[in-house]
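2 protein chains.
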Amino acid sequence: MPISEIIAVGSELLTPLRSDTNSLYITRRLNDIGILVRRKWIVGDEAAVLEEALRLAMRSVNIILLTGGLGPTEDDITRKVASYVLERQLIYNEEIAQRLRDRFARLGRELPESNLRQALVPMGAILLDNPVGTAPGLWLEEGKKKIVLLPGPPREMQPMLETHIIPRLSAAFRGEPILRRIIKLAGIPESAADERIAPIYKGFPKVQTTILATPGQIEVHLTASKTVNPQAETELDQLQDKIEEALQDKVFSVEDKSLEEVVGIFLGMHQGNLAVAESCTGGLLAKRITDIPGSSQYFAGGVVAYSNQAKIDMLGVDPAVIRNHGAVSAAVAEQMAEGVRLRFGSTYGLGITGIAGPSGGSEDKPVGLVYIGWSDMVHCHSRRMQFSGDRDLIRQLAAQNALNMIRCNLV
Amino acid sequence: MPISEIIAVGSELLTPLRSDTNSLYITRRLNDIGILVRRKWIVGDEAAVLEEALRLAMRSVNIILLTGGLGPTEDDITRKVASYVLERQLIYNEEIAQRLRDRFARLGRELPESNLRQALVPMGAILLDNPVGTAPGLWLEEGKKKIVLLPGPPREMQPMLETHIIPRLSAAFRGEPILRRIIKLAGIPESAADERIAPIYKGFPKVQTTILATPGQIEVHLTASKTVNPQAETELDQLQDKIEEALQDKVFSVEDKSLEEVVGIFLGMHQGNLAVAESCTGGLLAKRITDIPGSSQYFAGGVVAYSNQAKIDMLGVDPAVIRNHGAVSAAVAEQMAEGVRLRFGSTYGLGITGIAGPSGGSEDKPVGLVYIGWSDMVHCHSRRMQFSGDRDLIRQLAAQNALNMIRCNLV
Chain V
1 MPISEIIAVG
11 SELLTPLRSD
21 TNSLYITRRL
31 NDIGILVRRK
41 WIVGDEAAVL
51 EEALRLAMRS
61 VNIILLTGGL
71 GPTEDDITRK
81 VASYVLERQL
91 IYNEEIAQRL
101 RDRFARLGRE
111 LPESNLRQAL
121 VPMGAILLDN
131 PVGTAPGLWL
141 EEGKKKIVLL
151 PGPPREMQPM
161 LETHIIPRLS
171 AAFRGEPILR
181 RIIKLAGIPE
191 SAADERIAPI
201 YKGFPKVQTT
211 ILATPGQIEV
221 HLTASKTVNP
231 QAETELDQLQ
241 DKIEEALQDK
251 VFSVEDKSLE
261 EVVGIFLGMH
271 QGNLAVAESC
281 TGGLLAKRIT
291 DIPGSSQYFA
301 GGVVAYSNQA
311 KIDMLGVDPA
321 VIRNHGAVSA
331 AVAEQMAEGV
341 RLRFGSTYGL
351 GITGIAGPSG
361 GSEDKPVGLV
371 YIGWSDMVHC
381 HSRRMQFSGD
391 RDLIRQLAAQ
401 NALNMIRCNL
411 V
Chain R
1 MPISEIIAVG
11 SELLTPLRSD
21 TNSLYITRRL
31 NDIGILVRRK
41 WIVGDEAAVL
51 EEALRLAMRS
61 VNIILLTGGL
71 GPTEDDITRK
81 VASYVLERQL
91 IYNEEIAQRL
101 RDRFARLGRE
111 LPESNLRQAL
121 VPMGAILLDN
131 PVGTAPGLWL
141 EEGKKKIVLL
151 PGPPREMQPM
161 LETHIIPRLS
171 AAFRGEPILR
181 RIIKLAGIPE
191 SAADERIAPI
201 YKGFPKVQTT
211 ILATPGQIEV
221 HLTASKTVNP
231 QAETELDQLQ
241 DKIEEALQDK
251 VFSVEDKSLE
261 EVVGIFLGMH
271 QGNLAVAESC
281 TGGLLAKRIT
291 DIPGSSQYFA
301 GGVVAYSNQA
311 KIDMLGVDPA
321 VIRNHGAVSA
331 AVAEQMAEGV
341 RLRFGSTYGL
351 GITGIAGPSG
361 GSEDKPVGLV
371 YIGWSDMVHC
381 HSRRMQFSGD
391 RDLIRQLAAQ
401 NALNMIRCNL
411 V
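Read top to bottom, the protein sequences are chains V and R. With the first letter of the first sequence counted as 1, position 53 gets the number 53 in our numbering; the numbers rise by one all the way through. With the first letter of the second sequence counted as 1, position 154 gets the number 154 in our numbering; the numbers rise by one all the way through.
If you are wondering where the hints come from, they were derived from the structure by calculation, not from laboratory data. Any given hint might turn out to be false.
Identical copies go unnamed one by one, so any copy, or any two together, can satisfy a pair.
Calculated cross-link-like contacts (lysine-lysine; reagent style DSBU-like; alpha-carbon spacing at most 30 Å) [as the list claims (entries may be wrong)]: (1) K202 x K80; (2) K145 x K250; (3) K242 x K202; (4) K242 x K80; (5) K242 x K145; (6) K80 x K206; (7) K80 x K250; (8) K365 x K242; (9) K365 x K226; (10) K257 x K202.
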């Protein structure tokens, strides 16, 4: 299986402010054509360190991708170091220079002399057009080894990777793609999910199973390679089936859809629409629902009712119920769900009331207590949940569980 | 100035699924005590690669932090490789073994034999207590060099770094802290901000100026070190003053506050409260306002009015105005602001209507067109904005500009 290393260049990547995200994108696309990543380097604008990285990478693998350090300033050392390590002369390329002059002319500006540094390329390099920025990418070969220089800004790097690099690499190495399945779960904690499926995936040692947990959501990623295992596809199918069987309705997507997308699909299937009333989530649920293009088809709208008065005025919650049960109660969650449904004239209504903290909790009703109410033409019910975590996490968990409650009510 | 390298260990960090975030946290805390990071490595669970990294790091710097690979499985190679590179025997530590047994006993489980691997430590290592997980950290010294082994999960790593590592490193190296100032701007594009301040910060070559742009927000980070420049503090003061002077009311915080925090402070100062009516942002604005603990003091609530009917029913927008001007218009934005203020009985009202896309645009009213209306006891006005980008970006820009409009109206 072909193996690669990725070197990210730039002193800003060694501060607490910026991290290298390019390598994740690059890794996904390399994996797609069956190339693994063996090591990643993050180095600053220091020639000696980059030189060491490039020499060692070239000693150990045949595919090396460098991002960053192709700009027009003294600090941009990647071209220089590559030419030095590969023992190639840096040559002035008139084509690049002309393109730079044109680009600046279009912007009505004079090309600064220093920018011509970008026209210096190691001898034998193939220029890779950069439609977005000034720095062209470079493709270098040294025997079997391919060394690729790409600019650092993701919006320049990504299209160049797609257009120039992936096709060339897949022609040169033709690995089997790494196959991937993603099973998404809600309404089950990570430990419980793992307990149910560990005995299953342990029976498939050639499939790599990774469990990723985010608030209120578990993703089971299955990856396998035909190079290592000719049965990869069949094994993935079998493992996925067994996992789905074990987890039943905890599975909300096997097609990499988000929970809000799935909720939208279900609402569409029922030809219904939804309105939501939020207290502690403060708009987060409505925001997630409307993240989906076309959500206006099934989302009527929402009310963020933070105060008791707003719950009474905007949603018709009975003041006596708030007095007797408290604003954070099953009865209020249900009245919010019912109220928002009636006010918006929608098919379904959902209400969330809870204590996100950090203050506002009591012994009786601690921070993290959340009630979620559901209302449709015939039913109105609610669930009590107790979350732990900080304000942000409690709000995320409440919104995620509300979406899952919508899903479960529409199944 | 003391220099360090960070090595992150774990094959999952070489997939498209997970990135090393520990090093950002570590870098910030190292910088705080005057230690720079020179290089970062990300390696898998492959002993030869980790060995090479550790050898090279030890050759080039005196401070090396490794995260990950301290778990109980065969794959967890960090202890073994460290003992090998440092030429120290791995010794069975009864104290760790006992702690592991206690921990499992508390959970009512038997300690698996394999977990005792975690009790093997290189000779001479100082054990660092891990209150959250099973793997203790290790502190190793080799002459002047300090080699630190920390577990990978951030919630285990971070408290151990704080409790054990930062105090020890700052005692051993006593660098001057890297000083930092953060100036946050809204309502100005990155290029315009840079044009205004570049002539200023170029006059302070010993201060490192970094400009970070997120949607609708620019952060100017100034960093300097007393070790390099004894005048660092004074220069930072001067540069910050000059930048603030140049950017005037575009500056919304010099104390690392978010725009929603600043808006909350302003609302509190005016003893007023706010209600918001959102169309295209779909709850994002209310969500950001309520991210702030205590926002119930100044946030009355909101309405997400996605459909025309909701704008009419829930906000009292005049159907004739929608007919004549369209739902995305200055008149509707103003009526939404006015309507939500009256319905919630709040001091201030804000309305957003726009086209987030990807569909719904026309030649007249393209995707990205957004009107934001403002209403208080005496005024009602609106602003027209044209954003470009995808749905997510347009929504972010709309919410950010709405917050900035609130700020500007309350100055």
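Here is what the structure says about each hint:
In this assembly of identical chains, the alpha carbons of K202 and K80 lie at most 30 Å apart only when taken from different copies (26 Å versus 49 Å within one copy). For a Cα distance limit of 30 Å, the shortest separation of K145 from K250 qualifies neither inside one copy, at 47 Å, nor across copies, at 50 Å. Proximity of K242 to K202 under the C-alpha cut-off of 30 Å is restricted to the intra-copy arrangement: shortest distance 12 Å within a copy versus 62 Å between copies. Taking the shortest alpha-carbon separations for K242 and K80, neither the intra-copy value of 54 Å nor the inter-copy value of 37 Å comes in at or below 30 Å.
For the homomeric pair K242 and K145, neither the shortest alpha-carbon distance inside one copy (42 Å) nor that between copies (51 Å) is at most 30 Å. In this assembly of identical chains, the alpha carbons of K80 and K206 lie at most 30 Å apart only when taken from different copies (25 Å versus 43 Å within one copy). Neither within a single protomer nor between protomers do K80 and K250 lie at most 30 Å apart by alpha-carbon distance, with minima of 54 Å and 40 Å respectively. Taking the shortest Cα distances, K365 and K242 never come within 30 Å of each other, neither inside one copy (40 Å) nor across copies (50 Å).
Taking identical chains as interchangeable, the C-alpha atoms of K365 and K226 are never at most 30 Å apart, the minima being 54 Å within one chain and 50 Å between chains. Proximity of K257 to K202 under the C-alpha cut-off of 30 Å is restricted to the intra-copy arrangement: shortest distance 26 Å within a copy versus 48 Å between copies.
The structure does not agree with the numbered hints 2, 4, 5, 7, 8 and 9 stated previously, though it agrees with the rest.
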